[in-house]
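K.L.:
Here is how the chains run, residue by residue.
2 protein chains.
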Amino acid sequence: MKRKLAREDWADAALEALCEGGVAAIAVEPLAAKLGTTKGSFYWHFANRSALVEAAVRRWAEQDTEALITLLDGISDPERRLRELFTLVFGGKDDERVELALLAHAGDPVIGPLLADVTARRVDFIVRCFREMGRPETEARHRGLLAYTAFIGLIQARRASGGTLLPATERPGYLEFLRGIITG
Amino acid sequence: MKRKLAREDWADAALEALCEGGVAAIAVEPLAAKLGTTKGSFYWHFANRSALVEAAVRRWAEQDTEALITLLDGISDPERRLRELFTLVFGGKDDERVELALLAHAGDPVIGPLLADVTARRVDFIVRCFREMGRPETEARHRGLLAYTAFIGLIQARRASGGTLLPATERPGYLEFLRGIITG
DNA sequence: CCGCCTCCGTACGGTGCCGTATGGTTTTCC
DNA sequence: GGAAAACCATACGGCACCGTACGGAGGCGG
Numbered sequence: 633m634k635r636k637l638a639r640e641d642w643a644d645a646a647l648e649a650l651c652e653g654g655v656a657a658i659a660v661e662p663l664a665a666k667l668g669t670t671k672g673s674f675y676w677h678f679a680n681r682s683a684l685v686e687a688a689v690r691r692w693a694e695q696d697t698e699a700l701i702t703l704l705d706g707i708s709d710p711e712r713r714l715r716e717l718f719t720l721v722f723g724g725k726d727d728e729r730v731e732l733a734l735l736a737h738a739g740d741p742v743i744g745p746l747l748a749d750v751t752a753r754r755v756d757f758i759v760r761c762f763r764e765m766g767r768p769e770t771e772a773r774h775r776g777l778l779a780y781t782a783f784i785g786l787i788q789a790r791r792a793s794g795g796t797l798l799p800a801t802e803r804p805g806y807l808e809f810l811r812g813i814i815t816g
Numbered sequence: 633m634k635r636k637l638a639r640e641d642w643a644d645a646a647l648e649a650l651c652e653g654g655v656a657a658i659a660v661e662p663l664a665a666k667l668g669t670t671k672g673s674f675y676w677h678f679a680n681r682s683a684l685v686e687a688a689v690r691r692w693a694e695q696d697t698e699a700l701i702t703l704l705d706g707i708s709d710p711e712r713r714l715r716e717l718f719t720l721v722f723g724g725k726d727d728e729r730v731e732l733a734l735l736a737h738a739g740d741p742v743i744g745p746l747l748a749d750v751t752a753r754r755v756d757f758i759v760r761c762f763r764e765m766g767r768p769e770t771e772a773r774h775r776g777l778l779a780y781t782a783f784i785g786l787i788q789a790r791r792a793s794g795g796t797l798l799p800a801t802e803r804p805g806y807l808e809f810l811r812g813i814i815t816g
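Just so you know, the sequences run in chain order F and X.
The first sequence begins at 633 in the numbering used here and counts up by one.
The second sequence begins at 633 in the numbering used here and counts up by one.
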């Protein structure tokens, strides 16, 4: 058996490690150990460590935002589209961990630019929804920004509080409140 | 001259480094160099590196939230109190950098608990304002949470976008929008 | 069957940091 | 002014990781 390792295997392992221990956990030697191989393999597929984190981030961006956006763009009614985004993003699997880990290293020279792209694309997407719902331009921008920052802030604050901030039972209530207040 | 160094000098230098390069930048040897001294000094004042980051975080918590809270608690009218908080926190010096650096390492065993305390105290403070304004309990909690997360999310997203997200000219407008929508 | 290209193992040197050991220097206080 | 205590410099060992060098194994076309 013993499938050979490919670039993607390393990238996936890097994302996994990223969830566990942050960007610092994307380290060649530990990853090699976890994959049951050695550095020799790694440095054949990648030039260096930076290339790996770049590949990992790109993979995440592809799967977790581009795919989602193209999926949601299939919904023509902007209100339904937005509603769908809400439920997907809050109710879904909590892969917020990659999110948080990357946000944490926005200053990193390789993560920074990629993250900036993703952030811009996401906010644009939300703003577009409000625009298509007929809101005037600046209001659409404001509401879009609020929606996104409320999301980012929530996952961030929940983590910062150790999870005590919004217990599971109060979550649906708050989300309803949020939806109401944001969509006006 | 040549003042001797005290614990506080190290803690301040640590906070400074924290702003520049994140928690990883709180490293003994580089800090010693920047302070013009050596590790010998450090390990006399502190048991190890963890003790330093703890001291730094405590100092920050003291200056940047406890002091602010006791200051604002001098204002009896909750609405004015909240308004004051808004302007202080958004318009003021952008020491959000410490904020962001710490948020980034909420998982750290020494930072985590301290950060959880600070987060809880802040949200409680805001929620209390809404409560004293006569809002029913759950609504007060919701609005308080939204206010805090919108703040955290905004500084986070601005950083993540490289600063392009909310240009300075649009800032006042958005803040007005925010204030309006949050206080209902 | 042979040489080649892909892929990986091993071994090495280098770096940046942590923490300890130990002795020297300054301050304090009697 | 001299001992004790506070404070700091230097030197060392250790660890975790990066990146390179190089030498194989295995498949594949000729």
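Careful, some of the hints might be misleading.
The list cannot tell twin chains apart, which means a pair is met if one copy fits it or any two copies do.
Unchecked claim - Okay, derived cross-link-like pairs now, SDA-like style, lysine to any residue, Cα gap no bigger than 25 Å in a straight line:
#, residue 1, residue 2
1, Lys-666, Ala-656
2, Lys-666, Gly-739
3, Lys-671, Gly-653
4, Lys-671, Gly-812
5, Lys-671, Asp-756
6, Lys-666, Asp-644
FYI, nobody ran anything at the bench for these hints, they're computed from the structure.
K.L.:
With reference to the structure, classify each hint as holding or not holding.
P.N.:
Right, here's what the structure says about each hint:
1. Lys-666 with Ala-656: Both ways: Lys-666 and Ala-656 sit 15 Å apart in one copy and 24 Å across, limit 25 Å.
2. Lys-666 with Gly-739: So Lys-666 and Gly-739 pass the 25 Å test across copies only (22 Å; inside, 28 Å).
3. Lys-671 with Gly-653: Classified as within: same-chain Cα gap 20 Å, cross-chain 28 Å, threshold 25 Å.
4. Lys-671 with Gly-812: neither (52 Å within a copy, 56 Å between copies)
5. Lys-671 with Asp-756: neither (40 Å within a copy, 49 Å between copies)
6. Lys-666 with Asp-644: Intra 12 Å, inter 39 Å, cutoff 25 Å: intra-copy only.
The structure does not agree with the numbered hints 4, 5 stated previously, though it agrees with the rest.
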